[in-house]
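Protein chains in written order, with our numbering: chain A, 1 to 315; chain B, 1001 to 1315; chain C, 2001 to 2315.
Quick caveat, the hints were computed from the structure, so don't treat them as lab data.
The C-beta atom is built at its ideal place from N, Cα and C for all residues, glycine as well.
There's no promise every hint is true.
Restraint-style ranges between C-beta atoms, simulated for each label pair [to be verified]:
id: 1; chain 1: B; residue 1: N1004; chain 2: C; residue 2: Q2254; range: 46 to 54 Å
id: 2; chain 1: A; residue 1: D30; chain 2: B; residue 2: D1238; range: 58 to 66 Å
id: 3; chain 1: B; residue 1: E1124; chain 2: C; residue 2: Y2222; range: 57 to 65 Å
id: 4; chain 1: C; residue 1: K2013; chain 2: A; residue 2: K46; range: 30 to 38 Å
id: 5; chain 1: A; residue 1: K262; chain 2: C; residue 2: D2310; range: 40 to 48 Å
id: 6; chain 1: B; residue 1: D1238; chain 2: A; residue 2: Y205; range: 38 to 46 Å
id: 7; chain 1: A; residue 1: K46; chain 2: B; residue 2: G1285; range: 53 to 61 Å
id: 8; chain 1: A; residue 1: K261; chain 2: C; residue 2: S2026; range: 53 to 61 Å
id: 9; chain 1: A; residue 1: S26; chain 2: B; residue 2: R1235; range: 30 to 38 Å
id: 10; chain 1: B; residue 1: P1286; chain 2: A; residue 2: D82; range: 30 to 38 Å
id: 11; chain 1: C; residue 1: K2013; chain 2: B; residue 2: H1313; range: 50 to 58 Å
id: 12; chain 1: C; residue 1: E2207; chain 2: A; residue 2: E37; range: 30 to 38 Å
id: 13; chain 1: B; residue 1: E1029; chain 2: A; residue 2: S26; range: 50 to 58 Å
id: 14; chain 1: A; residue 1: S242; chain 2: B; residue 2: N1253; range: 21 to 29 Å
For reference, the chains in residue letters:
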Amino acid sequence: MKINHDIQLSDGKLKHFLNINNLPKSIIEDIINRAEEFHDNSKITKYTGKVVASLFFEPSTRTKTTFELATKKISSDFINIDIANSSTSKGESIIDMIKTIEAMKCNMFVVRHSVPGTAHFIAESVSSDIAVINAGDGSNEHPTQAMLDMFTIKKHKGSFEDLKISIVGDILHSRVAKSLIFALNTLGAKQINIVGPKKLIPDNYTEMNVKYFEDMSEGISYSDVIIMLRLQKERMHDALISLDTYYDEYGLNQSRMQLAKKDVIVMHPGPINRGVEIESSVADGPNSVILNQVSYGISVRMAIMSILFDNHHAS
Amino acid sequence: MKINHDIQLSDGKLKHFLNINNLPKSIIEDIINRAEEFHDNSKITKYTGKVVASLFFEPSTRTKTTFELATKKISSDFINIDIANSSTSKGESIIDMIKTIEAMKCNMFVVRHSVPGTAHFIAESVSSDIAVINAGDGSNEHPTQAMLDMFTIKKHKGSFEDLKISIVGDILHSRVAKSLIFALNTLGAKQINIVGPKKLIPDNYTEMNVKYFEDMSEGISYSDVIIMLRLQKERMHDALISLDTYYDEYGLNQSRMQLAKKDVIVMHPGPINRGVEIESSVADGPNSVILNQVSYGISVRMAIMSILFDNHHAS
Amino acid sequence: MKINHDIQLSDGKLKHFLNINNLPKSIIEDIINRAEEFHDNSKITKYTGKVVASLFFEPSTRTKTTFELATKKISSDFINIDIANSSTSKGESIIDMIKTIEAMKCNMFVVRHSVPGTAHFIAESVSSDIAVINAGDGSNEHPTQAMLDMFTIKKHKGSFEDLKISIVGDILHSRVAKSLIFALNTLGAKQINIVGPKKLIPDNYTEMNVKYFEDMSEGISYSDVIIMLRLQKERMHDALISLDTYYDEYGLNQSRMQLAKKDVIVMHPGPINRGVEIESSVADGPNSVILNQVSYGISVRMAIMSILFDNHHAS
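In isolation and in its complexed conformation, chain A is listed as follows (with noise of 0.2 Å):
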């Protein structure tokens, strides 16, 4: 299915949240920005009244959970359509059940799906009163863990323009960072590189503005963020190395960490492996923000469904 990454505005409002990749730079900042005056995560009243649909074909706890308590922070009312019962999973198309869904007078549908552009698909298909948020589409995008972690950069470094940052994992299959890497290319970051066995690479990764190394040692060297993916370990026979051979060749360990900056941050995106991916003591040690983002995440959800309801409102 072919991606309108456009679609999410409109007169250079954001009236949907669906990818990093070609989202202004400028909106990026507006939710950043936004973000910082929820950092204490106090309730606010302002959106009372307002219905959030949740649609999860895909299990998720840590996201699903993040989107209801943002919700219940700006007090609007979170319906979660239960997908394994709902008619979807007796041959309702998924256009009808949106259809349907919206009829219900919902405000905006968070939507996880295994398809690429299926959240983009929503948003072309409702009506425009109705913001659509991607929480995940397949290997594609996972724009608001994105924003949520340049939320997190910016709080422990200032600014993006001197950042040397690393990514370490499985870039090929994670929709984490495709939608970091444009993110930190839109934002200004000095240096973003991607680090992984080749197998784990996108072919097309000159295109993205990355540096590509093999080694874990050079990919870290001197930097000031390091974001450790999560290990799918069912995909690891597409690389052709056992879970020991991925840990000593790229697992994020102490002696590993003296490579970075001194005062580098480690992020990632949870749930971490332990000893598979990242050692504990990295994990839990003084560089980690690893759960300063998952408060993060609740600040920025906010932000983001707060001026999603605003650019409806004012139109």
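With the hints as your guide, set chains B and C onto chain A.
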């Protein structure tokens, strides 16, 4: 089980909402009028602190979600009783379960169960300050669906007296059809046609003040309203016809639409089976009000819930 | 795992609610008094914006629903962590899961787990601004159940000093029994009888300040309060007796009721097994306060949650 169709009334006031059978015209009209007040689905705070317990012994997405949304729109709390993991699955009787939830100070039960009369049985068992709504009791009734259908007809046709209304499909097994026929008769519809294979028509249809047509073209001729029922595919062998034959004989397609009035409205309780009981272009066409029905379902359920809370409060 | 029974207190204030063991009488009385304030179950708004995360590693309808209702009655938000689909089921450790939910800025965890001490372990692990409630930890304790039982006795009997209280059933495996015996001793009940087959009595019962009766008639003779435990049918083979024999020997029936005081109250944590541990006419009879216990469960949990929030706020 003998069902007491009058238990929903006390001194002429609606205390439960269980069946359209025996429901006075004035109450049906009250519900329609109240739903009109809620038509914009704005959130109201009058019923803050009330608790609605959802007891769905049969799976449902559409009806249950609509009740949850309606509950939130009137600012009451919605509690979903997880039947699959509940004590009834460990041998607790339904009455002990009901008494326990009653003791939890829930104010309203919304019940779906495969056994006809279950909601009535519960209404007879609970204390007088609790309201029970029937969200479908086996093949008996689905009264909130019928009420939203009445609201739909009223919105689009203004009144019932001059209308010719055709209900098409498996009349025999449909609780929606039963509730519809009661409601349309009470509201004084001019002519009610039922249309479908003989095997899917109840033996006692002559007592229902309807006209039966085995032939679809005759049955929808000059109709003002066509209500298509959802085909329960697993019951087609009862009628000894294949899905293809069914669609040929009873599918609502564009050419058959020419037989009805030009301003006919097409209704369906959803989810629709495209190409089984209805042609896609008809379901999505200008005469279809299928998605309007979904929207009205929120207002109508808000109306029924608020009337019941008011009547319990007054007593 | 060694359980620290004092971790719930800090400077004499209740910061978590984990066990009745070692809980000062004054705090038990505070909870009873606070529950009395919430007795009409009216909604209060003082705790708006607080978030309660429910972590039920064992299934539950009654306890979990009661916590959800209590949370809503104090206007806090309730988040259900879906353990079955959570990352712990994919190998994430419970401590990583807890740290993640903590990072989501939840203010309270309600935990049920099959391993004794899990709630204590979590309380030791979370930051000092989070309160943990034990909703059942294996065969150890079920302290909120014991508190609602104390509230029930207080409401119906006024005080504890003159009471003879009989607890009947599988004392050995019952976390409810353990919490009850601690609470009744702390509150100064005159006599606590435990009644059941020898095989279902803990070896160390002599240290518990109770009297053991193998014979039911002796055990409930002249009792003011009889607390029947739920029979865990799967454990009956441990006692080498059949369900029928059990009912013959330990079932609470009408004739045995004559042995207790005329104004005895009959309690049961629910759900009851009619004809297994209790005769239907006794469960539904005038001396039964089983459904009252359910109602009180809301007030008592509102009380415990609000005290914990107050104590965390004050610090």
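Results of checking the hints against the structure:
1. B:N1004 - C:Q2254: 46 to 54 Å: violated, 31 Å
2. A:D30 - B:D1238: 58 to 66 Å: holds, 60 Å
3. B:E1124 - C:Y2222: 57 to 65 Å: This hint is violated: roughly 39 Å between Cβ atoms.
4. C:K2013 - A:K46: 30 to 38 Å: Hint holds: Cβ distance 36 Å, inside 30 to 38 Å.
5. A:K262 - C:D2310: 40 to 48 Å: Distance hint for K262 of chain A, D2310 of chain C holds at roughly 44 Å.
6. B:D1238 - A:Y205: 38 to 46 Å: violated, 60 Å
7. A:K46 - B:G1285: 53 to 61 Å: Cβ of K46 of chain A to Cβ of G1285 of chain B: about 39 Å, so the range 53 to 61 Å is violated.
8. A:K261 - C:S2026: 53 to 61 Å: This hint holds: roughly 54 Å between Cβ atoms.
9. A:S26 - B:R1235: 30 to 38 Å: violated, 58 Å
10. B:P1286 - A:D82: 30 to 38 Å: holds, 33 Å
11. C:K2013 - B:H1313: 50 to 58 Å: Roughly 40 Å apart at Cβ, these two residues miss the hinted range, so it is violated.
12. C:E2207 - A:E37: 30 to 38 Å: For E37 of chain A against E2207 of chain C, whose Cβ atoms are near 58 Å apart, the range 30 to 38 Å is violated.
13. B:E1029 - A:S26: 50 to 58 Å: holds, 55 Å
14. A:S242 - B:N1253: 21 to 29 Å: violated, 59 Å
Checked against the numbered hints given earlier, the structure breaks hints 1, 3, 6, 7, 9, 11, 12, 14 and satisfies all the rest.
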